[in-house]
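Chain by chain, the residues:
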Amino acid sequence: MAEVILDVQNLKTHFRTHQGIVKAVDGVSFKVHRGETYALVGESGSGKSVTCMTVMGLIGKKKDEVVTGDIYFKGTNLTRLSLEDRRRLRGKHMAIIFQDPMTSLNPVYTVGTQIAEMPIIHEGSDKKSAWQVAVEMLRKVGIPSPGDRARDYPHQFSGGMRQRGVIGMSLSLDPDLLIADEPTTALDVTIQAQILDLMKDLKDQTNAAIVMITHDLGVVAQIADHVGVMYAGTIVETADVRTLYKDPRHPYTRGLLNSIPKPGSKDRLEIIKGQPPDLHNVPKGCSFSPRCPYAHDRCQEAPPVVEVAPGHQVACWLMKEDQDHA
Amino acid sequence: MLKYILKRILVALPVIFGISIIAFFLIRLVPGDTITALLGANYNEEQALILRAKYGLDQPLPVQYLIWLKNVLAGDFGISFFTKEPVVKIIMERLPVTLELMLISLLYSVFVAIPLGTIAAVKRNSATDYGASVFGLLGVSIPNFWLGILLIAFFSLHLRWLPSGGFVSFGVDPLENLRHMIMPSIALGTAVGAVIMRMTRSSMLEVLGQEYIKMADAKGVTNRRLIFHHALKNSFVPIVTVLGIQMGYLLGGSVVIEKIFALPGIGQLSLQAITNRDYALLQGCILLIATGFVVINLVVDIIYGFLDPKIRY
Amino acid sequence: MGETWYRFRKNKLAFTGFAILMVFVFLAIFAPLIAPYDPFTMHVEDRLQTPGSNYLFGTDQFGRDILSRIIHGARISFQVGIISVGISLVAGLALGIAAGYYGKWVDMVISRLIDIMFSFPDIFLALVIMAILGTSLTNVMIAIGIVYTPIFARIARGATLTVKDNAYIEAARSIGVGDFMTILRHILPNIMAPLIVQTTLSFGFAIRSEAALSFLGLGVQPDVPSWGIMLNEGKEWLELGWWIAFFPGLAATLAILSFNVLGDGLRDALDPKLRNESE
Numbered sequence: 174m175a176e177v178i179l180d181v182q183n184l185k186t187h188f189r190t191h192q193g194i195v196k197a198v199d200g201v202s203f204k205v206h207r208g209e210t211y212a213l214v215g216e217s218g219s220g221k222s223v224t225c226m227t228v229m230g231l232i233g234k235k236k237d238e239v240v241t242g243d244i245y246f247k248g249t250n251l252t253r254l255s256l257e258d259r260r261r262l263r264g265k266h267m268a269i270i271f272q273d274p275m276t277s278l279n280p281v282y283t284v285g286t287q288i289a290e291m292p293i294i295h296e297g298s299d300k301k302s303a304w305q306v307a308v309e310m311l312r313k314v315g316i317p318s319p320g321d322r323a324r325d326y327p328h329q330f331s332g333g334m335r336q337r338g339v340i341g342m343s344l345s346l347d348p349d350l351l352i353a354d355e356p357t358t359a360l361d362v363t364i365q366a367q368i369l370d371l372m373k374d375l376k377d378q379t380n381a382a383i384v385m386i387t388h389d390l391g392v393v394a395q396i397a398d399h400v401g402v403m404y405a406g407t408i409v410e411t412a413d414v415r416t417l418y419k420d421p422r423h424p425y426t427r428g429l430l431n432s433i434p435k436p437g438s439k440d441r442l443e444i445i446k447g448q449p450p451d452l453h454n455v456p457k458g459c460s461f462s463p464r465c466p467y468a469h470d471r472c473q474e475a476p477p478v479v480e481v482a483p484g485h486q487v488a489c490w491l492m493k494e495d496q497d498h499a
Numbered sequence: 030m031l032k033y034i035l036k037r038i039l040v041a042l043p044v045i046f047g048i049s050i051i052a053f054f055l056i057r058l059v060p061g062d063t064i065t066a067l068l069g070a071n072y073n074e075e076q077a078l079i080l081r082a083k084y085g086l087d088q089p090l091p092v093q094y095l096i097w098l099k100n101v102l103a104g105d106f107g108i109s110f111f112t113k114e115p116v117v118k119i120i121m122e123r124l125p126v127t128l129e130l131m132l133i134s135l136l137y138s139v140f141v142a143i144p145l146g147t148i149a150a151v152k153r154n155s156a157t158d159y160g161a162s163v164f165g166l167l168g169v170s171i172p173n174f175w176l177g178i179l180l181i182a183f184f185s186l187h188l189r190w191l192p193s194g195g196f197v198s199f200g201v202d203p204l205e206n207l208r209h210m211i212m213p214s215i216a217l218g219t220a221v222g223a224v225i226m227r228m229t230r231s232s233m234l235e236v237l238g239q240e241y242i243k244m245a246d247a248k249g250v251t252n253r254r255l256i257f258h259h260a261l262k263n264s265f266v267p268i269v270t271v272l273g274i275q276m277g278y279l280l281g282g283s284v285v286i287e288k289i290f291a292l293p294g295i296g297q298l299s300l301q302a303i304t305n306r307d308y309a310l311l312q313g314c315i316l317l318i319a320t321g322f323v324v325i326n327l328v329v330d331i332i333y334g335f336l337d338p339k340i341r342y
Numbered sequence: 298m299g300e301t302w303y304r305f306r307k308n309k310l311a312f313t314g315f316a317i318l319m320v321f322v323f324l325a326i327f328a329p330l331i332a333p334y335d336p337f338t339m340h341v342e343d344r345l346q347t348p349g350s351n352y353l354f355g356t357d358q359f360g361r362d363i364l365s366r367i368i369h370g371a372r373i374s375f376q377v378g379i380i381s382v383g384i385s386l387v388a389g390l391a392l393g394i395a396a397g398y399y400g401k402w403v404d405m406v407i408s409r410l411i412d413i414m415f416s417f418p419d420i421f422l423a424l425v426i427m428a429i430l431g432t433s434l435t436n437v438m439i440a441i442g443i444v445y446t447p448i449f450a451r452i453a454r455g456a457t458l459t460v461k462d463n464a465y466i467e468a469a470r471s472i473g474v475g476d477f478m479t480i481l482r483h484i485l486p487n488i489m490a491p492l493i494v495q496t497t498l499s500f501g502f503a504i505r506s507e508a509a510l511s512f513l514g515l516g517v518q519p520d521v522p523s524w525g526i527m528l529n530e531g532k533e534w535l536e537l538g539w540w541i542a543f544f545p546g547l548a549a550t551l552a553i554l555s556f557n558v559l560g561d562g563l564r565d566a567l568d569p570k571l572r573n574e575s576e
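Protein chains in written order, with our numbering: chain A, 174 to 499; chain B, 30 to 342; chain C, 298 to 576.
So that you can see chain A by itself, here it is in the shape it has in the complex:
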């Protein structure tokens, strides 16, 4: 099996606020291997972005951000590193792409300058060679006449081009891990497909591990190898992408899959009833139980994680019962 790039174990990210503690991430574990794309799926507020921001070390710097658990990156436990060491990793060894390309580039610097900043700050490159890296990266992500466009400011780029620029910037130092936080959500549908294709191509070329955050199961089907379904700060089901689509076990995963319109089907879409929980006040036991059609008394206790098949884990009492009966 390929090298494990990222191994997250029992990660918890809690925010202290005036209304109490928000358990944005509450015991998340997953592994991502080299060359693999792992998708974190869930509704907004399920903690998928916070998980990734914590892995990057962007969350956990302030007093009111409490992070526990372990994050192993190529065997090193990141939670034991100093802030300075984590900063050195960011950008060079692990990179992130944010959702909105319109706002993730600094408006007062040219796109080229912003890409060139990467080799300058991490490898001490001189300006000239850094600029060559920038132009080369823009060429790689499919910007026409990259030499000229590198001198453009972000507002002169279209949305899709900006996201290409951001992707080029993230990959400019050949990171081992790329986190993409809903990289296509803010884009037009046609541009979305182009950006996804670009990411697939680049993944094959760079052989990095990718964590893809999305709420769009269509995107997952296109790009992911493994999937983790998040709900209220925990991963409720994880499996390889085929298994998950073919044999979803957790009631929440089933609900999500049923809410995608199927071509030709005249059935009404099944919508998951209710709202995701308020993270100030997550229900006791299984946090999905108030919305779950199969909920019963035992769901008042935290559900066990059951391995229903090799690599297919589900956090649900129903699985435990099936297993016990078998």
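The reader is advised that the hints may include incorrect statements.
Claimed, not checked - Dumping the calculated DSBU-like pairs for lysine-lysine here, alpha-carbon to alpha-carbon at most 35 Å:
| # | chain 1 | residue 1 | chain 2 | residue 2 |
| --- | --- | --- | --- | --- |
| 1 | C | K461 | B | K152 |
| 2 | A | K204 | A | K235 |
| 3 | B | K152 | A | K236 |
Calculated directly from the structure, the hints in this document are not laboratory data. The model shown is predicted, which means the values in this text are computed figures rather than measured ones.
Go by the hints and put chains B and C onto chain A.
Using the frame of chain A, we list chains B and C on its own:
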């Protein structure tokens, strides 16, 4: 960029034209004409008529205005009725004092305000932040004339460290020049510093919440670089706007400060012109101060162009 | 610390400002009853008395009681504040709404006028107007009123433009409500928040401007017990009695400070969009 600058100049021109009309007619509103004031006790009808003809004052007002405007554009602002010297000459003698006062006040306020506002924003709700808030609130509330008086009472009369007023030219004695300028500059610049500090703080807070700052953090830049390279330049646009407006405050406030500290600048000159009913001189001062402010704002607009690429293109 | 606590503290500050202003208003209204001495009586035996039990804030070079003069000075300051801000408000609203509502050449003329007035530093413009009108309390109020008119005009114009496009104005017009009523009924409530904030802050500006003009000898006549006049006289006697200039300046600062914190507090309370320090 050139096109942008030209456009800004075109917008400023009608305003300057309007100022010239106001400067001209405002003075005509004053009861009693200038010739009467000029002749004073020696007034006789015949001489008055000769002088009116000489200065074109027997013409209809619009014609008078055009004659005056033509002279002004040629650099002739008339003769001071009080000292009988050309207005331009008097103004030019006094201008360096006011410019120096404004410059030192500006440097003082900017060098205190921008770092303080930045630290207050980065270390939000810290002791420094609260200290900055107090400075901001007191700074905009204490009238500059009272601050000036307090400074004189403490540093000149009590401690006897600094002269309580007067002016020594920089060319004559640079050190004495600065000793005379410290207190006036603090009195004038503190309110400006307070406003700029508040603006810096709120502008920095807004920029620090932007996605591209998160992105820069994700790129692994140092905190130093995050604040100075990525955030500060973005927060400069609103700061420069406020700075431009505050330059008008420095210009206006110099009248009060020059009076308190007996500095022979344009402000004091304007006050003298008002007291002496020296209308040609007052007209010159009005024209200079208002046009100066318009030019400052024009410069601010051009600085925008350099700071914000969206405006430039 | 907590955001709630932060806001609470902020409101408390605004409330303190309001309370201080109420005290000033009370002093101004009942000045003759509250002031321990007549502000004009010269206690020749007691010239330049240091602050003490007889004269709480001391006496000036003529032996006049400073505290009493400050209390009577509050009358002048608040009178100037109310009337000059009233002038600015009414004139500014009329000009701004007219410019925004009628557009075209009306807007052109008014906007240029506003631009030109903004190109004069406020104190300087007030000085020039005072030079033309001559020194008197009434003229001070007129001059300050004119100087702060463009601020209100600009706010009113901007807000009117935003509101004008809304369909209901069109609807009101098509029903046949007269122009004046249309404007008043629909535009005024929509620009209340920024106007209230600006009005509060302008009281502070007006009080400062009056003090500055009087300090320069171009405000009220020298026999009026204005804080600015007191500062002007006190400056000459600084070496012999710091308190003569200190207390009037302190009173002015306190009043301006109170208007500033109240204005800031109102801004936060009335319209979060106007908030200048983002939360």
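Results of checking the hints against the structure:
1. Of the supplied pair hints, the one linking C/K461 and B/K152 is violated, its CA atoms being roughly 42 Å apart against a limit of 35 Å.
2. For the hint pairing A/K204 with A/K235, the CA-to-CA distance comes to about 26 Å; that is within 35 Å, so the pair holds.
3. Only pairs whose Cα atoms come within 35 Å are accepted, and B/K152 paired with A/K236 is accepted, the gap being roughly 12 Å.
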